[in-house]
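Undergrad: Each chain, written out:
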Amino acid sequence: MPRPRLLPLLLATAALALSAPVHAEDADLISSETLTVTGTVSLAATDGEESWLDRGFGKLSTSGDGDGDVSVKPLLSEANLIWRPRFSWALSATIVGTFQGGERNEAGISEAYFSYKPMRGSSTRVSARAGLMWPSVSLEHEGADWHVRDTITPSAINSWIGEEVRPLAIEGSVGTTIGEHKLSATGALFAANDTAGTLLTFLGWALHNRRTLAFNDQPLPPFEPEDEGYQAHFTHPLLDVGSGFADRPGYYAKLVWQPPVPVRLELFRYDNRANPEAVNEDIEWGWRTHFNNLGLAADIEGTQLRAQAMTGRTRMGFEEGPLDRHWIDMRFRSAFLLVSRSVGKFGLAARIEAFETRHRGSWWDDEYDEDGWAATLAGKREWGPFTGLVELIHVSSDNPAREHVGLEPQQTQTRLQADLRVNW
Amino acid sequence: MLRGALFGSLLFCIGVHVSAAPLTVRVLDEKGRPVRDAVVILRPNGPAAHSSAAGRYSVSQKDMQFHPFVLVVPVGAKVSFPNLDPTRHHVYSFSPAKRFELKLFAKDQTRSVVFDKPGVVALGCNIHDGMTAFVMVTDSAWTAKTGPNGIAQFGDAPNAAGRVSVWHPYLRAKANLVEQNVSATSRSTIFTVALRAPPMALSDGY
Chain A
1 MPRPRLLPLL
11 LATAALALSA
21 PVHAEDADLI
31 SSETLTVTGT
41 VSLAATDGEE
51 SWLDRGFGKL
61 STSGDGDGDV
71 SVKPLLSEAN
81 LIWRPRFSWA
91 LSATIVGTFQ
101 GGERNEAGIS
111 EAYFSYKPMR
121 GSSTRVSARA
131 GLMWPSVSLE
141 HEGADWHVRD
151 TITPSAINSW
161 IGEEVRPLAI
171 EGSVGTTIGE
181 HKLSATGALF
191 AANDTAGTLL
201 TFLGWALHNR
211 RTLAFNDQPL
221 PPFEPEDEGY
231 QAHFTHPLLD
241 VGSGFADRPG
251 YYAKLVWQPP
261 VPVRLELFRY
271 DNRANPEAVN
281 EDIEWGWRTH
291 FNNLGLAADI
301 EGTQLRAQAM
311 TGRTRMGFEE
321 GPLDRHWIDM
331 RFRSAFLLVS
341 RSVGKFGLAA
351 RIEAFETRHR
361 GSWWDDEYDE
371 DGWAATLAGK
381 REWGPFTGLV
391 ELIHVSSDNP
401 AREHVGLEPQ
411 QTQTRLQADL
421 RVNW
Chain B
1001 MLRGALFGSL
1011 LFCIGVHVSA
1021 APLTVRVLDE
1031 KGRPVRDAVV
1041 ILRPNGPAAH
1051 SSAAGRYSVS
1061 QKDMQFHPFV
1071 LVVPVGAKVS
1081 FPNLDPTRHH
1091 VYSFSPAKRF
1101 ELKLFAKDQT
1111 RSVVFDKPGV
1121 VALGCNIHDG
1131 MTAFVMVTDS
1141 AWTAKTGPNG
1151 IAQFGDAPNA
1161 AGRVSVWHPY
1171 LRAKANLVEQ
1181 NVSATSRSTI
1191 FTVALRAPPM
1201 ALSDGY
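Sequence lines, in order, name chains A and B.
Taking the numbering used here, the leading residue of the first sequence gets 1, the next gets one more, and so forth.
Taking the numbering used here, the leading residue of the second sequence gets 1001, the next gets one more, and so forth.
What the hints contain is simulated information worked out from the structure, not anything from laboratory work.
A couple of the hints might just be wrong.
[What the hints assert, rightly or not] Think about it this way: if two alpha-carbon atoms lie no more than 30 Å apart in a straight line, the pair counts; the simulated DSS-like pairs of lysine-lysine are:
1) A:Lys-117 x B:Lys-1031
2) B:Lys-1117 x A:Lys-182
3) A:Lys-345 x A:Lys-73
A quick note: this is a predicted structure, and the numbers were derived from the prediction, not measured.
Put together the whole structure using the sequences plus the hints.
TA: Okay, structure coming up:
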């Protein structure tokens, strides 16, 4: 079990940080500067199938009422307590405690990491982070509570990051300016993300704000009766399967280039190097998952463009069959384009995206291939600490695994939702 | 300091034995729009004139940004850095004209820096990557910053030929600087400069 091993590691890191030469007057542990509370209440009107949070195949976090009619629900969507103690001018920490409500209530830690940013001596700067933190893939999220900036629902790509890409990492970055160009490179070693790929396989792509909290699990949709016993009905994204913590560390790396025009290019590569044949007593497997994500951010005369394209592959289980394929051998792809613009105190955003999975495993083969697309329209208004958002989202997908719950593989779902966020 | 000011003004009086002829400089971008925060320096032929370093100059931090974006000060000026934000800022510069770092707690309004060499000083905050500003330390009395209308005026410019330079942090030229000659009779000149767009934050940050 990972919990006993992680605790000594976190405590050791804390002891190390606190024993660093710290002047008492430089530290700021608890104050109005270091504590922030954020929360979101929502009113959602959803049609279509049951959400995956309700053990269905619905890609959104809310469900239709099951009879083909619209279900209207108020929710306390989330609340966060953000604590950012500062130990010195260079060393600080971020701990975020999160409650998520709706179809499933849960609370836990969504981030806990140290951040080290020493003063630079030239145009080159070095920094480091260590702990449980969001890898910087998403161009849609911002802030310590990792909220979505322009819409309510993130893209399929960034929803999956929130679901399953939850490593414990040690990360270093170096940034420099060459002429008028800014460049930065980030590299990290990580552990405890062996199951990344489980939900993406058994549910498919999804679009929601449901982040996985430390040590918590996510539900999987039902299997066919003859498939029972291969895999647990849940997945713990923060998990090391097999012997020893970090005996097979994974890595991720990121390159960013900012030329002297308002365009930024990012390339992110991840490989958890997990052993696909490792399994624990809960029947959770190691999933060998790697992906590349290309990101583009641009500012054109006040209109912002954000785009990401991700391709990856995940493998799990023993190699079987005439082609020696792992039980699961799946390639996944998705891309989105988000356009947003401020009009006075209002913000408007529109996003279009497509996603697919391609199965070539010995257990799940191409009969399980998924295809889908989604369109999102959102408006935003800020009043001091409050932000109001209204979003219309439509997702259409063909996922053959829906037959496990007696549904047609092709399903569409539409939701109109209003959110009120507070930041205090 | 007062002696220096007196000496400076004396030099100014001796040097300028012709009547003053006001000079107006307009800075426009390639689309004809006025450029603000451009620093215009006039160096007329003849003896140079320096401003006194007396005066109150400050670069404040408010709402996670420096104010003003471009500050013009004479050599030897003392600039204060009041932190008006509820968070701390770690202000620094590694520009050759002045290397320094200031650890400013929230609402700390007590610190200042003397800028003793001419040149451009680029400011940043080590904690908040999006904060940026510039201090232009000038050794010429005829230095002005353009306002929103893109105009810099030198009411007391000497009636002599000279060289006018325009600097802007986003100017697409060597050292972000362009120069032109100005004759004794031309009392109004226009600079059209190519600017690059302001930089995006390197990381959207979380």
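Undergrad: Work down the list of hints and note, for each, if the structure agrees.
TA: So, going through the hints one by one against the coordinates:
| no. | hint | result |
| --- | --- | --- |
| 1 | A:Lys-117 x B:Lys-1031 | violated (40 Å) |
| 2 | B:Lys-1117 x A:Lys-182 | holds (27 Å) |
| 3 | A:Lys-345 x A:Lys-73 | holds (28 Å) |
Hint compliance for this structure: hint 1 alone is broken.
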